[in-house]
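> Respectively, the protein sequence lines represent chains V and U. Counting from 1, one number per residue, gives the positions in the first sequence under my numbering. Counting from 342, one number per residue, gives the positions in the second sequence under my numbering.
A hint or two may mislead.
Computed list of lysine-lysine pairs in DSBU-like fashion (alpha-carbon distance at most 30 Å, straight line) [what the hints assert, rightly or not]: (1) Lys351(U) <-> Lys251(V); (2) Lys251(V) <-> Lys345(U); (3) Lys251(V) <-> Lys298(V); (4) Lys164(V) <-> Lys345(U); (5) Lys351(U) <-> Lys105(V); (6) Lys261(V) <-> Lys363(U); (7) Lys203(V) <-> Lys345(U); (8) Lys363(U) <-> Lys139(V).
Quick look at which bits of chain U chain V covers, simulated, 3 or more residues with Cβ under 8 Å [unchecked claim]: (9) 347-356; (10) 359-366.
With beta-carbon atoms standing in for the labels, derived distance ranges [what the hints assert, rightly or not]: (11) Val148(V) <-> Leu355(U): 29 to 37 Å; (12) Ser349(U) <-> Lys251(V): 24 to 32 Å; (13) Gly173(V) <-> Leu355(U): 22 to 30 Å.
Treat the hints as calculated values from the structure; they're not laboratory data. For glycine and all other residues, C-beta sits at the position ideal for the given N, C-alpha and C.
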Amino acid sequence: MILILKYKDQLRVSSEQVADWIDYLGGEYRFLSGNDFLDGNMTFCNELDGTNEKFVITSSEKNREEIDLRLVNVVWCRGFVRHREFTKKILQGISSTNDNISELKLRVVYALRKITGQLFARLKSSYQLPDMEAMKVDKWETLKLAQVHGIQIPRSIVTNSASKLLTFIDSIGCDVISKSLYEGVFFNDAESIYFFKTQLITKSVLEDIPESFFPSLFQEYIEKQYELRIFFLEGKFYSMAIFSQLDEQTKIDFRNYNETKPNRTVPYCLPSEIETKLGALMRDMNLNTGSIDMIRSKDGGYYFLEVNPTGQFGMTSFPCNYFLEKKIAEVLIKEDLRNEG
Amino acid sequence: MRDKIFFSDKFRMLPFFLRFFKREAVKAKPSNVPKLSEVMGNIHDEFPFYETKLSMCKRPKKPISKLLHYDEQKDF
Chain V
1 MILILKYKDQ LRVSSEQVAD WIDYLGGEYR FLSGNDFLDG NMTFCNELDG TNEKFVITSS
61 EKNREEIDLR LVNVVWCRGF VRHREFTKKI LQGISSTNDN ISELKLRVVY ALRKITGQLF
121 ARLKSSYQLP DMEAMKVDKW ETLKLAQVHG IQIPRSIVTN SASKLLTFID SIGCDVISKS
181 LYEGVFFNDA ESIYFFKTQL ITKSVLEDIP ESFFPSLFQE YIEKQYELRI FFLEGKFYSM
241 AIFSQLDEQT KIDFRNYNET KPNRTVPYCL PSEIETKLGA LMRDMNLNTG SIDMIRSKDG
301 GYYFLEVNPT GQFGMTSFPC NYFLEKKIAE VLIKEDLRNE G
Chain U
342 MRDKIFFSDK FRMLPFFLRF FKREAVKAKP SNVPKLSEVM GNIHDEFPFY ETKLSMCKRP
402 KKPISKLLHY DEQKDF
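Let's have the full structure, built from the sequences with the hints guiding it.
Listed below in structure tokens is the structure:
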């Protein structure tokens, strides 16, 4: 059986489309979302009886039928629990000091990690897309590893010092961008949503910045011809070029979507040398899938930016006619049959 | 004047990228249907998928991350 781990109410049409293909191709799958344990829609019971571990979860789907984890041959992980959504419910209406509230939130998240850790440990022997341990990608470590494999990366620095940053800018001879070392984030209140995207930092921006700040990631700003979004699946690359450079709104970060005139996106064939290097990088990271971001610079270089093991693939699949949903379903079914035998 | 965010006074103690944000108004329309319409749709609901001169394919505008009342559904 294929187990699809996902966020509750996840707006990822692509996951549903893969499930449709699994159905069509004759595979068997179940969805599982971490929120179901927490909302009480699902029973979670892990017992040590002195000899064995007895782990039973009962799904809210299909009339509270038990999911026998021993029958899970394949796990496709698209997410599990959004800590933020879950803790929001807990913290709603609580009145205490900020310190107490943030400590409570932290403790709940830690406990949650332990619980999901038990489930993931139980699924360890299954085929996983991607491997759940390998999913914990660190941006900086990935950049280091890309360097080792001879893949060009933007020169990068993590510093808390404005003068060190200025020296870095002088040494590379161009502006830099600031990025999150972790994942992107947004905040919202009743009236507004606040987005944080990649930002160009010029020397003039730094004039208003104090000498010391929080240690942060800065990278050389690469003038690009176009951006590349590459979906990797079991050794194969499905690439797409995004012509974001031609639009002032999207040239720094294509996620500043221009809804009136969206960026042009076309299928792209990576040079085999780049594919070989990227393949070696993914192998080293023990990643059998992921969405890779790269830049083709104006001088023809290929710059690796980052890889997201559970990145979106619909945005590459549809414009490029790659039918990735079908290809993923085929991989999952193949592994399910192989592990059953 | 530059927009402020609730942690604007703490920029020095926060990761640098948090200084640069883009504020967008929440696209939620008022409705007299209690509870259902008070739930805001996921912010990704209205992101375009792709659109070219030859084809147009957008993510569904219907905020599927929330339940819609019958009257609301007619808008989509």
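> Hint by hint, say whether it matches the structure.
Results for each hint:
For the hint linking Lys351(U) to Lys251(V), the alpha-carbon distance of about 29 Å falls within 30 Å, and the restraint holds. Note on Lys251(V) and Lys345(U): the hinted pairing holds, with a Cα-Cα distance of about 24 Å set against a maximum of 30 Å. Simply put, Lys251(V) and Lys298(V) have alpha-carbon atoms about 13 Å apart, close enough for the 30 Å limit, and the pair holds. Between Lys164(V) and Lys345(U), the direct Cα distance comes to roughly 27 Å. Compliance with the 30 Å bound is thereby established for this hinted pair.
Simply put, Lys351(U) and Lys105(V) have alpha-carbon atoms about 21 Å apart, close enough for the 30 Å limit, and the pair holds. About 19 Å separates the Cα atoms of Lys261(V) and Lys363(U), which keeps this hinted pair within 30 Å; it holds. With a C-alpha separation of about 22 Å, the suggested pairing of Lys203(V) with Lys345(U) holds against the 30 Å cut-off. This hinted pair checks out: Lys363(U) and Lys139(V) have alpha carbons roughly 23 Å apart, not beyond 30 Å.
Using a Cβ-Cβ cut-off of 8 Å, 6 residues of the region 347-356 of chain U lie near chain V, which meets the minimum of three, so the contact claim holds. With 8 residues having a Cβ less than 8 Å from any Cβ of chain V, the region 359-366 of chain U passes the three-residue criterion, so the hint holds. Roughly 31 Å separates the CB atoms of Val148(V) and Leu355(U), a value that falls within the hinted 29 to 37 Å. Separated by about 26 Å at the C-beta atoms, Ser349(U) and Lys251(V) satisfy the suggested range of 24 to 32 Å.
Look at Gly173(V) against Leu355(U): about 29 Å separates their beta carbons, and that is inside 22 to 30 Å.
Checked against the numbered hints listed earlier, the structure breaks none of them; every hint is satisfied.
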